[in-house]
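Given these sequences and hints, build the entire structure.
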Amino acid sequence: MKQLISLRVNGEPYEVAVEPHKTVLEVLRNELELTGTKEGCGGLGQCGTCTVIMDGKAVNSCLVLAMDARDKEILTIEGVAKDRKLHPIQQAFLDYGAIQCGFCAPGTVLSAKALFDKNPNPTEDEIKIAIAGNLCRCTGYAKRKKALLAVAEQQGKEGGR
Amino acid sequence: MGGRLKKFEYFEPGTIEEAVSLFAQYRKEAKLLAGGTDLLVLLKQRLLSARYLVNIKRTSGLDYINSDDGEGLKIGALTTLSTIETSAVVREKFSILAQAASKVASLQIRNIGSIGGNICQDPRCWYYNQSHDWHRAWTPCYKLGGHVCYVDKGDKGCQKRILQSDTAPALIALGARVKVIGEGRERVIPVKDFFKKVGNVLKADEILTEIQIPNQPPHASGAYLRFSPRKAIDYPVVGIAVMMRMDPEYSLCRDIKIVFGAVTPVPFEIDEAEDLLRGKKIDSDIIDGVVQTVRDKVALQAISFGDHSADFKTDMTGVLVKRAIEECLKSAKSH
Chain A
33 MKQLISLRVN GEPYEVAVEP HKTVLEVLRN ELELTGTKEG CGGLGQCGTC TVIMDGKAVN
93 SCLVLAMDAR DKEILTIEGV AKDRKLHPIQ QAFLDYGAIQ CGFCAPGTVL SAKALFDKNP
153 NPTEDEIKIA IAGNLCRCTG YAKRKKALLA VAEQQGKEGG R
Chain B
16 MGGRLKKFEY FEPGTIEEAV SLFAQYRKEA KLLAGGTDLL VLLKQRLLSA RYLVNIKRTS
76 GLDYINSDDG EGLKIGALTT LSTIETSAVV REKFSILAQA ASKVASLQIR NIGSIGGNIC
136 QDPRCWYYNQ SHDWHRAWTP CYKLGGHVCY VDKGDKGCQK RILQSDTAPA LIALGARVKV
196 IGEGRERVIP VKDFFKKVGN VLKADEILTE IQIPNQPPHA SGAYLRFSPR KAIDYPVVGI
256 AVMMRMDPEY SLCRDIKIVF GAVTPVPFEI DEAEDLLRGK KIDSDIIDGV VQTVRDKVAL
316 QAISFGDHSA DFKTDMTGVL VKRAIEECLK SAKSH
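Order-wise, the sequence lines are chains A and B. Residue numbering for the first sequence is 33 to 193, as defined by my numbering. Residue numbering for the second sequence is 16 to 350, as defined by my numbering.
There's no promise every hint is true.
Stated by the list, open to error - In silico DMTMM-like links for lysine to aspartate or glutamate, alpha-carbon gap of 20 Å or less:
id	chain 1	residue 1	chain 2	residue 2
1	B	LYS22	A	GLU63
2	B	LYS348	B	ASP311
3	A	LYS150	B	GLU221
4	A	LYS34	B	GLU24
Claimed, not checked - Just the calculated beta-carbon pair ranges, DEER-fashion:
id	chain 1	residue 1	chain 2	residue 2	range
5	A	ASN62	B	ARG73	18 to 26 Å
6	B	GLU198	A	THR155	31 to 39 Å
7	B	THR101	A	MET33	56 to 64 Å
8	B	GLU284	A	GLY172	35 to 43 Å
9	A	SER38	B	ALA314	39 to 47 Å
10	A	TYR46	B	THR101	29 to 37 Å
11	A	TYR173	B	GLU284	34 to 42 Å
12	B	LEU267	A	THR155	44 to 52 Å
13	B	LYS218	A	THR155	43 to 51 Å
14	B	VAL203	A	THR155	49 to 57 Å
15	B	ILE204	A	THR155	34 to 42 Å
16	A	ARG40	B	TRP141	36 to 44 Å
17	B	GLN40	A	LYS34	18 to 26 Å
18	A	ALA49	B	LYS168	27 to 35 Å
Said to hold, decoys possible - To spell it out: a stretch of chain A is covered by chain B in this simulated footprint if at least three of its residues, at any positions, have a beta carbon under 8 Å from a beta carbon of chain B; those stretches are:
id	stretch
19	46 to 55
20	65 to 78
21	97 to 111
22	148 to 159
Derived from the structure by calculation, the hints contain no laboratory data. Just so you know, even glycine gets a beta-carbon here, dropped at the ideal spot from N, CA and C.
In structure tokens, the structure reads:
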């Protein structure tokens with residue numbers, strides 16, 4: 033039986049009727065038509081491309097029941113750019129060529145954003161840990177690390193550190 | 016591909032008592048969702064089925080870390096692994112547990128997965144934990160209703176699935192216990208006795224609700240190390256937890272626990288290696304003896320997992336025990 037849940041996605045309030053066996057990933061893609069969040073490994077938590085930020089934390093949306101998103105705040109890749117301006121992480125991914133096919137990018141950007149939101153000037157190790165759960169099959173890991181280190185350096189300067 | 020969840024009847028009990036009574040009623044047809052990172056995968060792969068799903072994520076009284084000078088540390092079973100790895104008190108006083116929690120899977124999974132679930136996770140093997148389509152290419156194993164074990168052709172049943180928990184060996188090394196609540200009763204079990212030949216001792220109506228860790232004596236230090244093909248996402252192929260207590264001058268080893276995870280179906284403590292170290296000054300000769308003893312004991316019992324043969328795992332236990340003891344000595348000296 034469907035149940036009505038309220039949640040916020042990318043700042044917008046939603047009320048959605050969901051079946052309890054649906055995951056956040058399925059509701060985002062199929063009900064809310066936010067298809068920026070990808071499914072890679074078949075919903076098994078092995079690839080990280082379905083990563084969204086829920087209440088400030090990066091999670092695999094394939095492993096969270098929609099019922100557990102009740103009254104939560106979710107950020108998907110569609111909500112990262114503001115006023116048609118890319119987020120610094122997205123811009124850095126372009127500048128450093130950290131995107132090829134782009135399938136892992138939404139999840140990776142959100143994993144990185146969850147880190148930067150808490151820690152504007154992370155170390156290389158902190159960056160690596162934050163994005164270690166996001167598999168990439170074509171660009172590789174060096175370019176996205178470089179991109180994120182550049183963001184860290186930029187934000188570190190702006191933060192006066 | 017993994018697939019979708021099948022429909023189930025869904026419950027969100029408000030209290031632990033309500034949750035327990037659901038399990039008392041529905042027994043094995045009901046499945047417990049805590050973090051969900053293990054259960055949802057098993058359900059999607061059709062390795063488990065749930066006619067009833069009992070979601071305890073919003074059940075009160077399961078998510079906390081309480082530290083007490085007298086009683087030690089109490090952790091609610093629903094506490095996420097990322098909360099544990101970043102907890103100031105865990106990092107400071109029980110660092111081996113923070114180390115173990117921080118090595119599980121990926122940050123996204125640690126943000127969801129619970130400590131209770133990490134202990135109660137389903138034991139795995141390279142054949143069983145695959146998709147339905149993958150299984151169809153083979154004659155089914157005992158666990159899937161057939162008459163063969165692909166891990167050990169000599170076996171007459173499913174006895175070689177392995178608990179690949181990172182936190183369980185660390186908790187055993189810390190002397191931790193778990194609180195278990197069933198219909199009208201409650202028991203506290205040392206983590207080292209929580210497991211049986213394959214799997215754990217939980218009865219159908221029981222829920223693991225709390226982890227209790229005694230305060231550690233002065234001059235104690237611990238290390239959790241693991242080998243896995245990739246640092247992230249993979250389960251451990253070999254995990255090792257070592258807790259060491261030195262004398263006040265940091266010259267003699269007063270006490271030590273050496274517990275391996277993922278090598279055998281359940282965590283494996285090697286008393287003979289501990290005996291070699293207890294009361295001794297630790298030098299390279301002693302460590303060499305420990306490595307040999309560990310390898311000899313592990314060689315008799317190690318179980319292969321896919322590409323990782325029992326011999327390879329035996330080699331890794333020797334490497335890791337040496338590193339873990341050295342880590343303990345290093346962090347003891349830095350105190």
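Checklist entry - Which numbered hints are broken by the structure, listed smallest first? => result Failing hints, ascending: 2, 3, 6, 7, 9, 12, 14, 18 and 22.
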